[in-house]
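Engineer: Each chain, letter by letter, is given below.
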Amino acid sequence: MPGKSLSRWTMAWFGSALLFLLGACAMALFGLAGPGEWSRGAGMAVVHLFVLGWLCQVMLGALIQFVPVLAARPLAFPGLALPALAFSSAGIMALAAGFLTLDGHEALRPLFLLGPFSIGAAFMLVAVTVGATVLHRACLRLAEVRLVVLAMVALSGLWLSGAVMALTLAGTRIAVDLTEALPLHMLLGLGGWLSLAAFGVSYKLFAMFLLAPEQGGMVRRAVFLTAVLVVALALWALCLLLAGRSGGRAVSVAIGLVPALTMIYLGEITRLWRSRRRPVPEANMLWSRMGLLFLALAALLIVPGWQFGGVWAEAAVFVALVGWLSLLTLAQMVKIVSFLTWVQIFAPRIGRQPVPVVQKLSDARAVASGLAFWSVGTVVGCLALLLGSSGGFLFAVLLLTLGALGVMRELIAIRHLSHLEPAERPACLPHLVLPFTFSRARAEARS
Amino acid sequence: MTPPDPSRPDPLELDIRLILQRGEEPFGAIMAAVDALAKGQALRLLAPFRPAPLFGVMANHGFGCEDRQRADGVWEVLFTPAPGFGPEAGMAPGSTPGAGLWPDPARELDLTGLMPPEPMVRILEEITALAPGEVLFALLDREPMFLFPELAQRGHEWAGNFAPSGDVYRLLIRAGVGDD
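Line by line, the protein sequences are chains A and Y.
Counting from 1, one number per residue, gives the positions in the first sequence under this note's numbering.
Counting from 1001, one number per residue, gives the positions in the second sequence under this note's numbering.
Quick caveat, the hints were computed from the structure, so don't treat them as lab data.
Wrong hints could be hidden among the right ones.
What the hints assert, rightly or not - Residues from chain Y that face chain A, not an exhaustive set, calculated with beta carbons under 10 Å:
hint, residue
1, GLY1023
2, GLU1025
3, GLY1028
4, MET1031
5, LEU1109
6, ALA1129
7, ASP1141
8, LEU1147
9, GLU1150
10, PRO1164
11, ASP1167
What the hints assert, rightly or not - Distance windows between CB atoms, simulated:
hint, chain 1, residue 1, chain 2, residue 2, range
12, A, LEU82, Y, PRO1093, 18 to 28 Å
13, Y, LEU1012, A, LEU383, 56 to 66 Å
14, Y, SER1165, A, GLN359, 30 to 40 Å
For glycine and all other residues, C-beta sits at the position ideal for the given N, C-alpha and C.
Please put together the full structure from these sequences, using the hints given.
Structural biologist: Here it is as structure tokens:
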């Protein structure tokens, strides 16, 4: 790749994440997950393939790519990206297989113990590369960088809570109260790590794609301070849990703060949206706005979810994972992949020959139909969970799978520069997933 | 030949012949190696040709160079960090030192309010049209992180920072001789 602002392994992280997404969808289509099925081993395997394999991997890959842009300095230790990806993919598969121990597959027990440590090694490697890049006084003044650092702190708590839960379920001598640990684990993962990292990255990406002035000020500080409080309470509850005491009250207060945190963040993004200089936002932003609506819905569902548990909690978590985080990710991924592909292929040609505009690399209608399937799937899935309908949930998963396949097809078309005229296409196409030169013979055959 | 300095670590060696043989661009690997250098460590580069365009780029990063062709035809270049080199106060990391002494800009561009990567396209088109040594000044909404490697690769020098208000990025670029 030309230039060091492009991470060599971004497409590999994205590719791996998308394969995990398809794997989770396929397992759910076979009926291994659904209303009331989440405490079974197979159900937990599906949830972890989705959350760790899809959402965490895509976020880690995006951070490795975008932390240099956020911090305006080159990535430290770029060589750690590949081993981190290898440890994380292997660890997630081991953990998912390990969960099947709970369904009686005893032979898989060693994987249950191995998975968390492999995932932990991956998290540690990414933390080193991201931390060494951003931990400078000048960078930490930036609100988006501080949120990403806070998200990484929550990630460490997510891992620790997950690891002790896995060790408890695997029947080792380490044992914690799982009914206390589960809401804490979900709070650290969903509200702490994934959402805060998404908040931090969105500040930069939204301002860039909407041509809105980069804001700071009181509201952004309020988001950060509320987020610090949520993460600190969650980590305090984790310490109490590990000490064998109850951290339920701290978790209650932290979960109570999440709707407030969400509303302040959404208020700020609304202001940013209104101050944009781009009159008609592009598809990635319009669908991200839909993701933000799902975030608001998830924040509303948290209240009955925490109060009554059961289907309300299932629906709140589902809308947050599938509607908010995944839709935002899918919508922005199309734009990011287009942009990185364009920089990789066409930046060296600027001023020397005509170059196509970035928008020509993707087909906006194909992207929109994939994301529409995904959004309808989210609404159907939420209703199916609230009504306890397995058939409805299966239909939702079918819609989500079709949406994911549509977006993936488009991502492959972007990498293959399929939407360009033959004359605009270079002789050597970019790599699809792994950073090796694409076969020249095939590239020439296409042009 | 200078005697080895015991306080300096051994040079890091990077052989770009294999990268070139694969038909890949070695610039990213070279910059990654520069990032990986310890304080005071030199970089020894092995190349099938004399990598002259790199000398200016490395000088901007604060490296002096010594090159020689070995008996087997391979070019061996030793890039040694110059003592006391560092970014000037208030300038973004990677900025060329001494930009204050450059001539007045021959071209000024206001690229605020443009969607990425349009500012990058405009700058590269304009800088290609300038004579070597001429300077371009651009105002941008944000730091153009994807532009910098491209400028370095084409042999242009740059220096930039945010205005004190923080809402506009000021960028000076001096056209190099390498771009056509």
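Engineer: Hint by hint, say whether it matches the structure.
Structural biologist: Okay, the hints, checked on the actual structure:
1. GLY1023: Where the cut-off is 10 Å and the nearest Cβ of chain A is about 6 Å from GLY1023 of chain Y, the hint holds.
2. GLU1025: With Cβ-Cβ at 5 Å, under 10 Å, it holds.
3. GLY1028: holds, 5 Å
4. MET1031: holds, 4 Å
5. LEU1109: LEU1109 of chain Y check fails; min Cβ-Cβ to chain A is 14 Å, beyond 10 Å.
6. ALA1129: holds, 8 Å
7. ASP1141: holds, 7 Å
8. LEU1147: holds, 8 Å
9. GLU1150: Check passed: Cβ of GLU1150 of chain Y comes within 5 Å of chain A, closer than 10 Å.
10. PRO1164: Because about 14 Å separates PRO1164 of chain Y from the closest Cβ in chain A, which is outside the 10 Å limit, the hint is violated.
11. ASP1167: holds, 6 Å
12. A:LEU82 with Y:PRO1093: 18 to 28 Å: Since LEU82 of chain A and PRO1093 of chain Y have Cβ atoms about 25 Å apart, the given range 18 to 28 Å holds.
13. Y:LEU1012 with A:LEU383: 56 to 66 Å: For LEU1012 of chain Y and LEU383 of chain A the Cβ distance comes to about 59 Å; the hint holds.
14. Y:SER1165 with A:GLN359: 30 to 40 Å: holds, 31 Å
Hint violations for this structure: numbers 5 and 10, all remaining hints satisfied.
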